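**Q** Between the sequences and the hints, there should be enough to build the whole structure, so can you do that?
The listed protein sequences derive, respectively, from chains P and H.
Heads up, the first sequence is in full-length UniProt numbering, so the first residue is 1 and it goes up one at a time.
Heads up, the second sequence is in full-length UniProt numbering, so the first residue is 1 and it goes up one at a time.
Note that these hints are calculated values from the structure, not bench results.
Only a predicted model underlies this, so the values are computations on that prediction, with no experimental measurement involved.
Incorrect hints may have been included.
What the hints assert, rightly or not - Going by beta-carbon spacing under 10 Å, a handful of chain H positions derived as facing chain P: (1) Val58; (2) Ser75; (3) Cys88; (4) Glu117; (5) Ala123; (6) Pro142; (7) Phe143; (8) Phe146; (9) Thr161; (10) Ser162.
Heads up, the beta-carbon is just placed ideally off N, CA and C, and yes, glycines get one too.
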Amino acid sequence: MRALQASTSYSAGFGISAAAPPPRPSRHRHVILAQVEPSEKSVEIMRKFSEQYARRSATYFCVDKGVTSVVIKGLAEHKDTLGAPLCPCRHYDDKVAEAQQGFWNCPCVPMRERKECHCMLFLTPDNDFAGQEQAITLEEIKETTANM
Amino acid sequence: MATSVAAGVHGNATIVSSQSVNTSRKLSHLSSLQFPTQLRSFTFRNQTFKSKPTLHLVEAKQQTLTSFVDVLENSDKPVLVDFFATWCGPCQYMVPILEQVSALMKDKIQILKIDTEENHSIAQEYGIEALPTFILFKDGKPFDRFEGALAAEKLIQRIETSLKVEH
Numbered sequence: 001m002r003a004l005q006a007s008t009s010y011s012a013g014f015g016i017s018a019a020a021p022p023p024r025p026s027r028h029r030h031v032i033l034a035q036v037e038p039s040e041k042s043v044e045i046m047r048k049f050s051e052q053y054a055r056r057s058a059t060y061f062c063v064d065k066g067v068t069s070v071v072i073k074g075l076a077e078h079k080d081t082l083g084a085p086l087c088p089c090r091h092y093d094d095k096v097a098e099a100q101q102g103f104w105n106c107p108c109v110p111m112r113e114r115k116e117c118h119c120m121l122f123l124t125p126d127n128d129f130a131g132q133e134q135a136i137t138l139e140e141i142k143e144t145t146a147n148m
Numbered sequence: 001m002a003t004s005v006a007a008g009v010h011g012n013a014t015i016v017s018s019q020s021v022n023t024s025r026k027l028s029h030l031s032s033l034q035f036p037t038q039l040r041s042f043t044f045r046n047q048t049f050k051s052k053p054t055l056h057l058v059e060a061k062q063q064t065l066t067s068f069v070d071v072l073e074n075s076d077k078p079v080l081v082d083f084f085a086t087w088c089g090p091c092q093y094m095v096p097i098l099e100q101v102s103a104l105m106k107d108k109i110q111i112l113k114i115d116t117e118e119n120h121s122i123a124q125e126y127g128i129e130a131l132p133t134f135i136l137f138k139d140g141k142p143f144d145r146f147e148g149a150l151a152a153e154k155l156i157q158r159i160e161t162s163l164k165v166e167h
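**A** Listed below in structure tokens is the structure:
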């Protein structure tokens, strides 16, 4: 893990970045769009939420901000598609039902009750992966998830 | 505790898939399609290794449960399956670690990555909840299971300890 580098890039999935040309309609319908990037608006909302909640819960972001960034984007993606920031570090039988039920909507019950965040988004100071920061910029999020 | 990795390893990897899709937009896990631009060296236990691009780390795309079980049963080595999701932070954290471990243990295990968003039935079959979940299979049967990200050294220790246990 490139934990000590200034920026860490994660590769996973594809977004349609602002710089890319819009997809052309193709006669050959074999192209399947895989992972879509969350909206900037939702990313910003979840970024602000994460900063506030870390402060409020006296928890810290991961030493590797790439982890933080991926989770923030995952929360944003679920907010876009489900209307609620369902935890992105879980597999669900029925995501829609789970988002409505609420147990795993961030901040999830385990976090609220026991400060347990297996996403490594909010880390108690004693956690080996905990850094010193409770802030993350949009720039950091973009840089560390640049090749996703 | 910092991870013991000094630098990432990029190995060659293929996608095991019944669909032949080559467009970049199909990629749901870029690292598994990385072509080795350069061999990296990394240190582990105070030794320096160079990665060799070999087909030891595989991501399965949209497998049926049957084909998945086939892969497990027909493997000549134990298979470590990594159940992940794209936007799961700890899962992405594990990407370079798995490449490293795969290179170091290539004669002992096969590593297989399953995107739980693309392989819902497989994830359901094995009761996957928290991500990442790792299941070590021997002869197609799960015999060790653990959740969460961990450093390369700890992962290797866990695998080696498991492999020693007789069933």
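**Q** All hints are to be evaluated individually against the structure, with a verdict given for each.
**A** Hints versus structure:
{"no.": "1", "hint": "Val58", "result": "16 Å, violated"}
{"no.": "2", "hint": "Ser75", "result": "23 Å, violated"}
{"no.": "3", "hint": "Cys88", "result": "4 Å, holds"}
{"no.": "4", "hint": "Glu117", "result": "8 Å, holds"}
{"no.": "5", "hint": "Ala123", "result": "5 Å, holds"}
{"no.": "6", "hint": "Pro142", "result": "16 Å, violated"}
{"no.": "7", "hint": "Phe143", "result": "21 Å, violated"}
{"no.": "8", "hint": "Phe146", "result": "12 Å, violated"}
{"no.": "9", "hint": "Thr161", "result": "20 Å, violated"}
{"no.": "10", "hint": "Ser162", "result": "22 Å, violated"}
Comparing the model with each earlier hint shows violations of hints 1, 2, 6, 7, 8, 9 and 10; every other hint is respected.
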